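Numbering-wise (the numbering used here), the sequence shown opens with residue 4 and increments by one.
Source of the hints: derived by calculation from the structure; they are not laboratory data.
As the structure is a computational prediction, the values presented were derived from the model and not from experiment.
For each label pair, taking beta carbons as the anchor points, the in silico distance ranges come out as:
| hint | residue 1 | residue 2 | range |
| --- | --- | --- | --- |
| 1 | MET174 | ASN59 | 20 to 26 Å |
| 2 | VAL129 | SER60 | 55 to 61 Å |
| 3 | LEU105 | TYR171 | 33 to 39 Å |
| 4 | LYS93 | SER180 | 20 to 26 Å |
| 5 | THR175 | THR135 | 40 to 46 Å |
| 6 | LEU105 | THR160 | 49 to 55 Å |
| 7 | ALA40 | THR111 | 31 to 37 Å |
| 8 | ASN59 | PHE169 | 34 to 40 Å |
| 9 | SER86 | THR175 | 28 to 34 Å |
| 10 | THR156 | SER88 | 33 to 39 Å |
| 11 | THR203 | MET174 | 17 to 23 Å |
BS3-like mimics (lysine-lysine), calculated; alpha carbons at most 25 Å apart, straight line:
| hint | residue 1 | residue 2 |
| --- | --- | --- |
| 12 | LYS154 | LYS117 |
| 13 | LYS85 | LYS42 |
| 14 | LYS91 | LYS102 |
| 15 | LYS154 | LYS194 |
| 16 | LYS187 | LYS61 |
| 17 | LYS143 | LYS117 |
| 18 | LYS85 | LYS102 |
Glycine included, C-beta positions come from ideal geometry on N, C-alpha and C.
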Amino acid sequence: MDKIKNNITLILTVITIILVLLNLKQCSNNSALKQDAKKFDQSIAALHDSIRKTVNSKGDTVFAERVVEYGLDDIVNSEAFKSLSKEKQKFYLELDKTKGLLASSQATIESQAKLIENLNYNKDTVKLNDSTICYNKGAKEIFIDSTGNLKYTHTLTFGNTLSSNFSYKYMTNIQTSYIRNKDKTITIEYKLNDPNAVVTQAQSFIVPQEQKTKFQKFMGKTGKWLISTAAAIAGGYIGYKLK
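Using the sequences plus the hints, can you model the full thing?
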């Protein structure tokens, strides 16, 4: 009788352990589904985020917005995608055709500055009086100016018609940083070295990285093995005891 009681107790203990492991695995799966739903909502919010000028933690002036981090197929087939501008839709649709994509960003930059304020006539090519300015035929006026980022030359030639030739060179550095926030969202920051430039619009995407807790990783790797092993050991031990 005592042997039967001990075997029953052992069986119940093993069954309890297996049920606990199964329940923990189910909880882990439910948690993963909730995390996935939260990331989807965050990415939909990022779709409609607008670029903003701000100062980051380093004290640098940057232009920032949230990054879409979710499966592209789900994004482009969502209801929220339909309300995006044609330009933003084009950006994500083109990415959806890119193989091996890791991340992508696109920004529109605008720069405006005041350069030459006062010009002086070339005395060798122009005649001035109180009411008239006369240029000799074939005369040229060449204007050259520059800032830290822009250099240009503007040449006016006075002939049968007035011709204008304008050439310029614009250079600016754009530093792009992807930053993981405390709420697990990602923010992209654009840092420009042109103080007169601004980012007027932008869109960005990063392929989602699977993020799991240590327990979820443990259950994912060893959960099935642990449950089946426990059942096998318990079955063999019970069979041995019942002999």
